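**Student:** Please arrange chain E on chain Z, whose structure you already have, making use of the hints.
Protein sequences appear in the order of chains Z and E.
Quick note: the first sequence, position 93, residue 1323 per the numbering used here, numbers continuous.
Quick note: the second sequence, position 148, residue 751 per the numbering used here, numbers continuous.
Please keep in mind that the hints were generated in silico from the structure rather than gathered at the bench.
Bear in mind that the values here come from a model prediction, so they are computed numbers and not experimental data.
A virtual CB, placed ideally from N, CA and C, is assigned to each residue, including glycine.
Honestly, I wouldn't trust all of these hints.
The list that follows gives simulated cross-link-like pairs (lysine-lysine, DSS-like), each with its CA atoms no further than 30 Å apart [stated by the list, open to error]: (1) K969(E) / K1335(Z); (2) K752(E) / K1335(Z); (3) K789(E) / K1243(Z).
If you want the ones that stay clear, here's a sample from chain Z, every Cβ over 10 Å from chain E, calculated [said to hold, decoys possible]: (4) S1242; (5) N1253; (6) H1258; (7) E1286; (8) D1288; (9) I1292; (10) N1314.
So the derived list for chain Z, only partly shown, Cβ under 8 Å to chain E, looks like this [stated by the list, open to error]: (11) Y1234; (12) V1239; (13) L1241; (14) P1245; (15) C1265; (16) G1287; (17) A1291.
Letter by letter, the chains look like this.
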Amino acid sequence: MDLYAEQIVDLSKNPLNRGALANASLAHSGVNTTCGDHVRLYLKVEDGKVKEISWEGDGCAISIAAVSVLTEEIKGKKLEDLINMKKEDLYEWLGIDHLGPARVKCVTLSLETLQGALKKT
Amino acid sequence: MPLQVKDRFPIFQNHPDLVYLDSAATTQCLDDSLLAEQTYYLEYKANVHRGLYPMAEEATAHYENVRKIARKFLHANEGGEIIFTRGATESLNIVARCWGKKFLKKGDEIVLSILEHHSNIVPWQMIAKEVGAVLKFCPILSTGNLNYKALEKLVTKKTKIISITGLSNTLGTLIDLPVVVRLARKVGVKICVDAAQLVAHLPIDVQKLDIDFLAFSGHKIYGPTGAGVLYAKREILEEMDPWLGGGDMIREVHEEFSTWNDLPWKFEAGTPNIAQVLGMGAAMEFMMKLGKNKLMQHDREMQEYTFKILNELPTITVYGPKGFDQQRGCISFTVKGVHPHDVAAILGEQGVCVRAGHHCTMPLMKALHLSSTVRVSFGIYNTKKDVEALRDGLKKVARVFKI
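With the rest of the complex left out, here is chain Z (with noise of 0.2 Å):
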């Protein structure tokens, strides 16, 4: 499998949501510390749903790819539908199916950082 395919290629040079949301109801930072990788998600959530998302951060092309799809992703969706999210999810989104052991927390960085934000909520 070509971990570095054409999509998170793109992602990772064009990320999607990138930057700070200033009337943010909900704001979580996540560091991967192996790595240095680190993102703070910025959510406005509207009638129990996620109305805008945004994200900043630093790290690898998968990570920057993840965190662009997860933000993509989720936008309209009902906070009580994320709690249950997988990284699978994730990897069918980037178009993986699966990541070695030293790769697989760029990926569930911006995941574990979404479910920390929701557990404030």
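**Tutor:** Showing chain E alone in chain Z's frame:
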């Protein structure tokens, strides 16, 4: 001329296409080292310093012979000054714990450099916190060389020890040890050298250099993992209390108290990593046979060729000093617009093994305003072909990321 030693490393027979450029992390294992380990297990496995039967005596003799080899390898005065440990990290922890605990007091200062590996920072932080001592970090210049003028100012009456690397594992910066030792002697402080990288690239004479403590690992000089050395002057070791208590490190044990064994065994509690020490012995003999000139010639060739190739690639920034008198062993760089982890992963897919990350030098990374770099590092088995594979791999990185 390449060194023609590749066939002495069995891993390359199992993986003929392996391009291994991560020797600063661990070197591949020499055939003689593997044989020494295996022979012990197959021919004469017995505990050392214990049994009175011939096989136990044989095991002890071989084990103690490695101490003689290590004494010669470091040009130490005597075997009592050679302590076998699990590696450089354990050696440095013994210095901080056993010497630091006894001799450091509140307000005392420990001088390190910003180039240090975490293993020469964290043990000092731990002991400093315990006794109320303070850590001071000597900065580097923009070239990546140590700022010796700043070091001179940092070492004061409050300083008790300078603990410094001999060769940076991230930038390849070579430290002018005679200058640092002279400064230590002028002020009357102890000097500890983390030689984990240095021993693989330059022979060391601890007496000539007048070093108080020195640490290295066997697995970074073509031996197995799990064995290393702490060198320290006898008079210093005599004053230090032991670290681990247990078998072998005692002379007498009573219900109420114990007395300590002679040097070096006072610091070697429990059954040591016998096979690994034997493997390390074979590696040190190999290094001595190879000699300074061949080591240096090979390092120079690798360094110059890699610099040349990296300079030809437009998107690459190289960090650290550039001249061979100031730098060797490894080269750190970044590729514009591509995260180091992605560079290393794509190189890995091409069979080129390099390291990406902070290389266990987070304070240095902060000083360089970087989160991580790609690092290539050299062993005596590397050839120009390996560097060419790196070049081809980096071209693939550029293609994948369209740069």
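**Student:** So N1253(Z) supposedly isn't at the interface. Is its beta-carbon more than 10 Å from every beta-carbon in chain E?
**Tutor:** N1253(Z) is indeed farther than 10 Å from all Cβ atoms of chain E, at 30 Å.
**Student:** Is the nearest CB of chain E more than 10 Å from the CB of N1314(Z)?
**Tutor:** holds, 29 Å
**Student:** Per the CB criterion, is P1245(Z) less than 8 Å away from chain E?
**Tutor:** This hint is violated: P1245(Z) lies away from chain E, its Cβ roughly 12 Å from the closest one there, beyond 8 Å.
**Student:** Confirm or reject: S1242(Z) is not an interface residue toward chain E, with every Cβ-Cβ distance exceeding 10 Å.
**Tutor:** violated, 8 Å
**Student:** How about L1241(Z): closest beta carbon in chain E under 8 Å, or not?
**Tutor:** violated, 12 Å
**Student:** Is it correct that the beta-carbon of D1288(Z) has no partner in chain E closer than or equal to 10 Å?
**Tutor:** Given that some Cβ of chain E is not farther than 10 Å from that of D1288(Z), nearest at about 7 Å, it is violated.
**Student:** Holds or violated: is the Cβ of A1291(Z) closer than 8 Å to a Cβ in chain E?
**Tutor:** For A1291(Z), the interface hint holds, since the closest Cβ of chain E sits about 5 Å away, which is under 8 Å.
**Student:** Given G1287(Z) as an interface hint, is its Cβ closer than 8 Å to any Cβ of chain E?
**Tutor:** Constraint on G1287(Z) not satisfied, violated at 11 Å.
**Student:** Quickly compare the C-alpha distance for K752(E) and K1335(Z) to 30 Å and report which way the hint goes.
**Tutor:** violated, 43 Å
**Student:** So is H1258(Z) really clear of chain E, every C-beta pair being over 10 Å apart?
**Tutor:** holds, 21 Å
**Student:** Could you check if V1239(Z) really has its C-beta closer than 8 Å to a C-beta on chain E?
**Tutor:** holds, 6 Å
**Student:** Grab the minimum C-beta distance from Y1234(Z) to chain E and call the hint holds if it beats 8 Å, violated otherwise.
**Tutor:** holds, 5 Å
Hint check: violations occur at hints 2, 3, 4, 8, 9, 13, 14 and 16; the rest are consistent with the structure.
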